[in-house]
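In order, the protein sequences belong to chains U and A.
Our numbering numbers the first residue of the first sequence as 1 and each following residue consecutively.
Our numbering numbers the first residue of the second sequence as 1001 and each following residue consecutively.
Hint data in this document are derived by calculation from the structure and do not stem from the laboratory.
Some hints could be false.
Quick list of in silico lysine-lysine cross-link-like pairs, DSS-like style, CA-CA up to 30 Å [to be verified]: (1) U:69 x A:1044; (2) U:26 x A:1062; (3) A:1062 x A:1011; (4) A:1011 x U:26; (5) U:70 x A:1044; (6) U:69 x U:56; (7) A:1044 x U:56.
Not close to chain A: a few residues of chain U, all C-beta gaps over 10 Å, as computed [as the list claims (entries may be wrong)]: (8) 7; (9) 16; (10) 17; (11) 22; (12) 26; (13) 31; (14) 41; (15) 43; (16) 56; (17) 57; (18) 59; (19) 64; (20) 73; (21) 108.
Residues of chain U clear of chain A, computed beta-carbon distances all greater than 10 Å [claimed, not checked]: (22) 8; (23) 12; (24) 24; (25) 45; (26) 48; (27) 61; (28) 68; (29) 69; (30) 70; (31) 78; (32) 80; (33) 85; (34) 98; (35) 109.
Please read all numbers here as calculations on a predicted model, not as lab measurements.
Glycine included, C-beta positions come from ideal geometry on N, C-alpha and C.
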Amino acid sequence: SQQGEEDPQALSIQEGENATMNCSYKTSINNLQWYRQNSGRGLVHLILIRSNEREKHSGRLRVTLDTSKKSSSLLITASRAADTASYFCATAGGSARQLTFGSGTQLTVLP
Amino acid sequence: EAGVAQSPRYKIIEKRQSVAFWCNPISGHATLYWYQQILGQGPKLLIQFQNNGVVDDSQLPKDRFSAERLKGVDSTLKIQPAKLEDSAVYLCASSLGSQGLAEETQYFGPGTRLLVL
Chain U
1 SQQGEEDPQA LSIQEGENAT MNCSYKTSIN NLQWYRQNSG RGLVHLILIR SNEREKHSGR
61 LRVTLDTSKK SSSLLITASR AADTASYFCA TAGGSARQLT FGSGTQLTVL P
Chain A
1001 EAGVAQSPRY KIIEKRQSVA FWCNPISGHA TLYWYQQILG QGPKLLIQFQ NNGVVDDSQL
1061 PKDRFSAERL KGVDSTLKIQ PAKLEDSAVY LCASSLGSQG LAEETQYFGP GTRLLVL
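Chain U with its partners taken away, still in its complex shape (with noise of 0.2 Å):
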């Protein structure tokens, strides 16, 4: 079963705004991390918060956690054409050795 559910499924902007993709998940988690997925390649890493932290930045990114609502956010400040993909929220819960990852919003940035 797939834990975090991600919202919107799809979003759609021009290049320079930014997208807010949010996370929300059902069970406490050790950390949630962000994985992005260009079409027909696998997942790259790109951000992990762990429980205990609210915000984290890296370059464009900006994350949030609010384990409070059992919600993450991912924001990406001035898009690109090169950000169109899929991103997924993927948590991990107590000694729990393995990723669940959510359903995905599929993002695409129009030139």
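Since the structure of chain U is provided, determine the placement of chain A on it from the hints.
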């Protein structure tokens, strides 16, 4: 640094046939994962190896799927016999850690796209 290698990239078979996928993880990575990704969904873990031992295979349909990781390096995933619902992308990933914790970054291969007719 070479990435995770997978072959073949594409495979078309008829139902009830068998198929095998191969994965070569990043050198030195102790943990290896096989995921199934059905179109429009996120990856679902099938099996996780720590060196050549199985850590988790709770979501592996063991009546038809099998996997091995000989000598703790390369791995093969086999489906026998295949069903229509096995059509998916099979992703292999590896991570560095000796403890196989979920906090580690996983590095994914390009996947094998399987179509069962």
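Verification of the hints:
| no. | hint | result |
| --- | --- | --- |
| 1 | U:69 x A:1044 | holds, 24 Å |
| 2 | U:26 x A:1062 | holds, 27 Å |
| 3 | A:1062 x A:1011 | holds, 21 Å |
| 4 | A:1011 x U:26 | violated, 36 Å |
| 5 | U:70 x A:1044 | holds, 21 Å |
| 6 | U:69 x U:56 | holds, 17 Å |
| 7 | A:1044 x U:56 | holds, 26 Å |
| 8 | 7 | holds, 14 Å |
| 9 | 16 | holds, 28 Å |
| 10 | 17 | holds, 25 Å |
| 11 | 22 | holds, 15 Å |
| 12 | 26 | holds, 14 Å |
| 13 | 31 | violated, 6 Å |
| 14 | 41 | violated, 6 Å |
| 15 | 43 | violated, 4 Å |
| 16 | 56 | holds, 14 Å |
| 17 | 57 | holds, 17 Å |
| 18 | 59 | holds, 16 Å |
| 19 | 64 | holds, 19 Å |
| 20 | 73 | holds, 17 Å |
| 21 | 108 | holds, 15 Å |
| 22 | 8 | holds, 14 Å |
| 23 | 12 | holds, 17 Å |
| 24 | 24 | holds, 14 Å |
| 25 | 45 | violated, 5 Å |
| 26 | 48 | violated, 7 Å |
| 27 | 61 | holds, 15 Å |
| 28 | 68 | holds, 22 Å |
| 29 | 69 | holds, 21 Å |
| 30 | 70 | holds, 17 Å |
| 31 | 78 | holds, 25 Å |
| 32 | 80 | holds, 22 Å |
| 33 | 85 | holds, 13 Å |
| 34 | 98 | violated, 5 Å |
| 35 | 109 | holds, 20 Å |
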